[in-house]
Structure formats: C-alpha cells, structure tokens
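*Asks:* Residue numbers (the numbering used here), protein chains in the order written: chain A, -18 to 356; chain B, -18 to 356.
Careful, some of the hints might be misleading.
Put simply, identical chains are the same to the list, so a pair is met inside one copy or across any two.
[Unchecked claim] Lysine-lysine pairs mimicking DSBU-like chemistry, simulated, CA-CA at most 35 Å apart:
(1) Lys281 x Lys224
(2) Lys254 x Lys179
(3) Lys13 x Lys338
(4) Lys338 x Lys12
(5) Lys314 x Lys36
(6) Lys317 x Lys36
(7) Lys179 x Lys6
(8) Lys254 x Lys322
(9) Lys304 x Lys223
(10) Lys327 x Lys294
(11) Lys338 x Lys36
(12) Lys221 x Lys311
(13) Lys36 x Lys327
(14) Lys(-7) x Lys221
(15) Lys218 x Lys314
(16) Lys315 x Lys13
(17) Lys(-7) x Lys304
Keep in mind the hints are simulated off the structure, nothing from the lab. Given the structure is predicted, the values throughout are model-derived calculations rather than measurements.
Protein chains: 2
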Amino acid sequence: MPKFGFIERQTKDFINIDPLQTGGKLSEEAKKALVEWGDGYSVCDFCTGRLEEIKTPPIYDFVHETLPEFLGCEVARITNGAREAKFAVMHALARPDAWVVLDGNAHYTSYVAAERAGLNVAEVPNTGHPGFRIEPDRYAEVIEETKKKGDVVLAVLTYPDGNYGNLPDAKRIAKICHEYDVPLLLNCAYAVGRMPVKMKEIGADFIVGSGHKSMASAGPIGVLGMREDYSSALLRKSAKYKKKEIEFLGCTARGVTIMTLIASFPHVVERVKQWDKEVEKARWFSAKMEELEIVQLGDKPHNHDLMFFESQKLYEISKKAKKGRYFLYKELKKRKIHGIKPGLTKHFKLSTYMVPKEQLEIVIRAFEEIIDRYS
Amino acid sequence: MPKFGFIERQTKDFINIDPLQTGGKLSEEAKKALVEWGDGYSVCDFCTGRLEEIKTPPIYDFVHETLPEFLGCEVARITNGAREAKFAVMHALARPDAWVVLDGNAHYTSYVAAERAGLNVAEVPNTGHPGFRIEPDRYAEVIEETKKKGDVVLAVLTYPDGNYGNLPDAKRIAKICHEYDVPLLLNCAYAVGRMPVKMKEIGADFIVGSGHKSMASAGPIGVLGMREDYSSALLRKSAKYKKKEIEFLGCTARGVTIMTLIASFPHVVERVKQWDKEVEKARWFSAKMEELEIVQLGDKPHNHDLMFFESQKLYEISKKAKKGRYFLYKELKKRKIHGIKPGLTKHFKLSTYMVPKEQLEIVIRAFEEIIDRYS
Ligand SMILES: Cc1ncc(COP(=O)(O)O)c(C=O)c1O
Ligand SMILES: Cc1ncc(COP(=O)(O)O)c(C=O)c1O
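Sequences are here, hints too, so could you generate the full structure?
*Replies:* This is the structure in structure tokens:
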C-alpha cells in the first residue's frame, strides 16, 4: 500500500519532446479548472439527462455551437478520446463482413477500433522509405479491390499520421472516397488543437480529435465532428431511455476532463493561429538535426511538429556503446531531456510543438555532444 | 468565447447530498495528484505498450496485485467508467440474437450497454412499492423463460441499485445463475470504494466499480474485475498489435484519472473499514426523515447511504406553492443544500455518504422548516 497515494511525476522539470506530451500540456486556465472540477461527477450537478445538455457549466453551448464551428462540421460530440470516437463511428456503421479502408500510416487505435467493431481492414500502402507518403490515387485502387470482397462502410485518413507527421492531400482523398460512396473519417488526433483544420473544407464526413493529445486538456477526452447525414446513425437513442445516445453510453467525459478542455479552449484557438511559426520552428529543427547527419524522413519540407528521424551514426554507436542501444536514452536523461523511447537510436520520432526554441537548442546541442563523445 | 476558459463550480460550498457526488469527492492526496499529473498523457512517459504495463508510476502493481485483491477477483482492468466496463463485458460475450438478464432496478447504463452490444434485454422485476426488492428466485424464472427465446450470455445484478440503495441476496443470485450456466456481473458502482465487497465471496464472475462515483477519484474511470476463465474473451489481443487488448482499445484511462484513483486508494481502503458507521448514520437520517413523515422506501432497516424517500406532504405543498414543484429545490438552495433534483417533491433520492452528521442535521432541520413554512 505505501507505494500508492500521492506519487511524483519524474519528468516534471525535463524538456519533454515526446510527441504524446507536447500538445497536451495544460494551459494555466486548465490547471485552475482541474482543482475546481476535480471531484468525481462534478459537472453533473445541474444535469438534466445528458452531458451535452448541461447548461451550467456551459457544456451545451460548447458542444452545440463552439465545437462544430471549430471543427468545421455540423454536429459534434465529446468522447473519451480519439480511439473511442473512431470506434463509435465504426461500430455505428458496421455491418456483418464489411470492410474499413485505412491509410498505411494509420495509428494502431484505428486498427484496433476496427477489430473491436468486427470490421475487416484493408490498407492503402504508403510509398515507403524515405517519404512514407499516402498517395490519394491509391485510395481508389484499394477501395475498388476491397469492394469486390464486401461492403466498404468507411475510409480513414490519419491527418497527420503519428509516425512521420505527414499531411496527405486530404481533399483529394475525400473526393475519391465519395466517388465510391464511401464516407471518410479524418483522424486529426495530431491536428485538431494544433493546426487549422476544418472538416468541411476538406470535404470529409467525420473528424476526430484528441483532447489530451492536442487540446491542452487532461484526459482521456476526445472530440467527434460529423455531417448531419450521419447523425441518425451515430446519435441513435435508447429505446427505453429516450434521452440517452447508445453509441456514447449516455454520457462520455462526465467529469473534470470536459472542464479542462473548455478551460483551455480559448488558449487553443489562439495557438492554432500561431501554427505557421510552429512549422517554421520544426523545419529549423529538422535542418539542424540534418547538419548532424540525423535525417528527417517523411514530408519534406515538413509541415508538422511531429518528425521522424533516421540516424545511421547513432545506430553504429549503439552497437559498441557500454549501455548498448540504451546509451542515447541515458545520455539524454542525464541532460534532462525526455521523450525518445529507451532503446531507440536508428529511428525515432519527436515533437517540437510549443517547445521553446531555447529548449530545442539544448536538445540539438545534446545530440551534437553525444555524437562527439561516442565517435 | 468569453464564456469558456476557467469556470467556477457553483455548488462548491454547498452541502451536497446528490448520490452522484458523495463518494466521488477527492481525497487530499488525489487533489495533489491532479496537479502533478494533469497534463494530457502524463502517465505515458514510461509506457512500454499498454497502460496496465506501466511500472513508473506503479500502475502495473496496482492493476495486477492491489486491485484484484481489493475486488476479490483474479484479473482486473481499468476502464473509462462502470458503463464502459459493462459494455466491454457484454460486447465480448455477445452473440447474435442473444440475451442479457438485468435486475429490474438496473441503472440505465446497463440497459444502454446491452443495446449497444446488440443484446436483447430481459428484466427480473422488483417487488414494487414500498420495498422494490429483487428476489433471487425471480432470476430463475426469468432465465428459464428467456432461455426459450435464445442464449442468455450474461446476468447483471445492481448491487446496490442506484434508486433505492437496496442490497439483494447476491450470493443466492450468483448460485441460481450458475445453475443455468449464466455468468453474473455485479454492478457495484455504488459499492466498490464505499463498502466491503468481494466478487469471490459472492461467487460472481465479473465485478464493476466506478472511480468517480465511489472511489474518490476524478473521472471518468472505472474498474473491472473478472474470473480468470473469462480473461481470454475479455482480454483478446489485436491480431496485428500483439500487446493491445481489443475490448479496451489498447488503453483506457491514459491520463490523470488513473493517478487520482491510485492517490485516493489508501484513503478508500480506510473508509471502507468505516462502513458500519456510514450505515448507522444513514439509518439515523432515515429515522429523522420519517419523523417528518418523509418515508424511506426500499430495504428497511436500510443497509446503504443511498436512500429513496416518498413524501405525500411535500407533494401536496408543491401543488399550491408559488414556485410550484420547484419550491423544494429553491428552498434547499437558499440554505446551500444541493443534490435533490429540481422539480422533485414526492419522490427523491439522496446520499448521506461521508457527509458529516452536523451537515445532515442542517438538512433535516431544513426539511422541517420548509414543511412548517408551507403547511
Ligand atoms: C494518430 C493518432 N491517432 C489516435 C491516437 C489515439 O488518441 P487517443 O488517446 O485520444 O485515443 C493517437 C495516440 O497516440 C495517435 O497518434
Ligand atoms: C448503479 C449505477 N451503475 C452505473 C452507473 C454509471 O457509472 P459510470 O459513470 O462509472 O459509468 C451509475 C451512475 O449513476 C449507477 O448509479
């Protein structure tokens, strides 16, 4: 028992470049909301039957007005995360023996959501090393092939994907999907809350975001936007409990997480406007890494803070270093830099999002020193 | 936009007797954990592939050792809440055209989870006014009848239920279910974290708890315990991502909620030991209310802090009062007492859990004054 109770977070005063962590850091407003709304079902004090209907605090307005506008969709809902949003869509649209088409860069949660919904999965391959790009026309090929095997009830595009931070031509992919009468879901776990993105401008049918990943919110929480046409399938009500939406089991983020999402929202709206600067900073970082012969893969020039690197040099070092492939992790840890997974040297990803340039300079210097030291 | 950002909780300094709220108030340790672990995916800094495998913070030990012992089960998992745990079980066990048997006092989320899992629902009726009891032998009847229509894949008992706070003879119900080869799930959203309850002692197959309802945790979060025999169905892994459990979409409470659950856990273990005192206090409160002719329905003497009351008198007043049926809510609000739903007068529920006796005395005095004033 003594090991439970309050526990400290070890990485608290580290520079954190883990892609999972950079977009989920709380705003000051969200930190205050945490304390105010921390208790269990705090938001349910004035509930009249469903989370999205709560007027005090103003969840109703947030979900019915603000969020649809922000996502560029007609109808929005709160979920327990991006994966739960994807599962809700897949589960609502699933039919026996049907298929979903995923991009080859899809996050594992898209795949697992499809498995849980009982859907077969077909994948649109990426172009391989070094670009790993998703080419729109391949969607046509894969959908066509898959239609021979069964119904294709949904296509998914990861925008950007969580490995390379690539941003494919989503508009064209939406158009292609619609030529085959297949709705398109944009998995924007790494976009919504970081960069400008609107479902309607792209022409997609669903859009999914992650509060704890990219909206400066405590988690788990996600957002789901959809076209009105799909709301009857997604928002189907219980036969017995007329207010309760089946796919959301009545209510999803029934606690503090919705309040940190709302608290950070003005901050998120502002930071999205600064996206150009974040891209510029990412490109600067990528160039600096390449000076060290750590090569950035994926889209180039890059359009996102999430970047994937390849380093033959670090890999060679790992073969001889005393701590083996853990040397990089340990050297970075010594310098209070966190976020590159222990054991990785040849390939790793990181994110520069909202990390101040001075901190990124420390990161670059660290790589430089480490390479020097071991070479 | 100005209405978003930080928002105050209006009921902050109220006496809160809403059954949703009394067991979810954060412990001091949990309040500290909130601030420490508030950021997005904070707990994932040292993840090696799945939430339950994380050793820093000690989620692994919590889920694999502490929680099974606490719940009296063989295998435990963290979920996004009680309803999500119930859905996971129903979804994993569902077959086309199959049935689930629910007690007539089941929470709406059990029903909606069954609908989402595509299961038909049969109900074991309660005994009606005034006891609303669930009699074990009725499970035999209903299972027998339902088996004529199709497979019965699961039975659910709400223990206690969320309306009357009744505690049926769960052991006998488990025995009966097993005579028909039907596994029993105990929905202990109002038990786990409040009162002593062990799955194995009752002889059930699944047990579900709610962190934000009864374990002094921020939400949404729940716990699911099961017998080993069911783990292959429930913990089925992805075909492609070998570490990821399909029913949990890889990870569930991937953020601050698991840390408040862990932070409060020692406090919760201690308070469960004080359960007798809570029952005594509830009985005392019930007796005081009955002196005011506000009659407690359900089990008598009562065995839980959640109680359902009936008042002909308050109902009569509501017909004539200026504010109509809202008079009671408004009078209580004036006295900074929250938790009885606006508009209710004849029937309402409340909880005395962890509410100090002095505060309950204020509540009783309030009812007395209100009745006096309007009579
Ligand atoms: C591309 C992508 N999609 C979805 C997710 C899952 O997000 P959530 O935790 O909100 O389910 C992730 C998480 O890493 C991701 O990288
Ligand atoms: C008896 C009962 N079960 C389940 C639930 C749902 O709990 P959760 O919010 O953890 O899904 C409730 C909530 O009110 C309840 O009263």
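*Asks:* When the structure is checked against the list of hints, which entries are broken? Sort them ascending.
*Replies:* none
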